[in-house]
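Just need the whole structure built from these sequences, with the hints factored in.
In the working numbering, the protein residues as written are 172 to 447.
In case anyone wonders, no lab produced these hints; they're calculated from the structure. Every residue, glycine too, gets a C-beta built ideally from N, C-alpha and C. A hint or two may mislead.
Computed cross-link-like contacts, DMTMM-like style, restricted to lysine to aspartate or glutamate with a CA-CA straight-line distance of at most 20 Å [to be verified]: (1) Lys-325 - Glu-345; (2) Lys-423 - Glu-401; (3) Lys-439 - Glu-422; (4) Lys-296 - Asp-312; (5) Lys-325 - Asp-273; (6) Lys-320 - Glu-303; (7) Lys-357 - Glu-345; (8) Lys-372 - Glu-345; (9) Lys-296 - Asp-186; (10) Lys-320 - Asp-309; (11) Lys-195 - Glu-345; (12) Lys-387 - Glu-397.
Have a look at the derived ranges for each label pair, beta carbon to beta carbon [said to hold, decoys possible]: (13) Leu-336 - Lys-360: 14 to 24 Å; (14) Val-440 - Ala-354: 41 to 51 Å; (15) Gly-364 - Glu-397: 19 to 29 Å; (16) Asn-436 - Leu-336: 41 to 51 Å.
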Amino acid sequence: MNIITVSRLVGSYGDDIASKVAEKMGLEFVGRTGLHELAMSCDLEYREACTLYETEHGPGFFERLFFDRPSHKSLFEALTYEQAGRGNVVMVGRGAQIVLHDLPGVFCVGVIASRVNRVQRIMQKLGIPLEEAEYYVDKYDAERITLIKTVFDKDPTDLMLYNLLINTDHYTAENAADVIVHAIGKMDKRPDGDQLVETLKNMALAKRIEALVRRKLTSAVAGNVEISAEPGGVIRISGRIREKADRARVEKIAAEYSGVTQVVNELKVTDLTFRV
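Quick look at the structure:
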């Protein structure tokens, strides 16, 4: 089973390369619309907000919508795990290389190119003058770094996030895809596919419950609540919360979620109420 993430700089041919890798390996390509459509189909609140954002601002505001609230971030992580759990996928952008980084067998690719070449490519692709292309590239670079740092507290330029970093200054998209396919074929220590699917399924369940808890109790109340899932539908709740009543509410939300068979509540109550 292959799970590949592709992170790219604008103008680096990253999307084309990811598509070609999927085609060459017979994998499903999951780009902007794939995750977007899945999110729209599974969460009513998100769907309504997403429709409003698209109507007023256009699809480019997709990321802002997801990360305006921690509950949306948890939902995004759940969707990423679910997409990956289907197996044999190439996932592009959206911080998937960070969400899936620590999982064995996930191959994370970073696609880069020099600013000069990226500006030239954007000029040709969009038919815009040099100054506009430079602004376009610099704006996207800055927004990408800010988004990843804000949401995941990670630096997307950290080389340790990637199994392979490829510079397309001297590669066509086709040749770069060939290099990636070859590198994936040389991977060792491939995990058991069934075990990886089960792990991803548990992680997705945990993040869906975490998203629901943060939405119902608000992030101010449940921002330090962490949910993990174990085989057989066992949910473990850890972290801190201020009120005993909220501790019980978190447990109730988790216990009522479909597929949950047992809840282990290890939440610590910090009760900082001051009495005079």
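Outcome of the hint check:
1. Lys-325 - Glu-345: 30 Å, violated
2. Lys-423 - Glu-401: Judged against 20 Å, a Cα distance of about 18 Å means the pair holds.
3. Lys-439 - Glu-422: 12 Å, holds
4. Lys-296 - Asp-312: Holds. Lys-296 to Asp-312 sits at ~17 Å (cutoff 20 Å).
5. Lys-325 - Asp-273: This hinted pair holds, its Cα atoms lying about 14 Å apart.
6. Lys-320 - Glu-303: 26 Å, violated
7. Lys-357 - Glu-345: Given pair Lys-357, Glu-345 holds - Cα atoms ~19 Å apart, limit 20 Å.
8. Lys-372 - Glu-345: Between Lys-372 and Glu-345 the Cα gap is close to 33 Å, so the pair fails against 20 Å, i.e. violated.
9. Lys-296 - Asp-186: Status holds; Cα separation ~13 Å.
10. Lys-320 - Asp-309: 17 Å, holds
11. Lys-195 - Glu-345: 10 Å, holds
12. Lys-387 - Glu-397: 15 Å, holds
13. Leu-336 - Lys-360: 14 to 24 Å: 20 Å, holds
14. Val-440 - Ala-354: 41 to 51 Å: Since the Cβ atoms of Val-440 and Ala-354 sit about 49 Å apart, the hinted range of 41 to 51 Å holds.
15. Gly-364 - Glu-397: 19 to 29 Å: Given about 27 Å between the Cβ atoms, the range holds.
16. Asn-436 - Leu-336: 41 to 51 Å: 43 Å, holds
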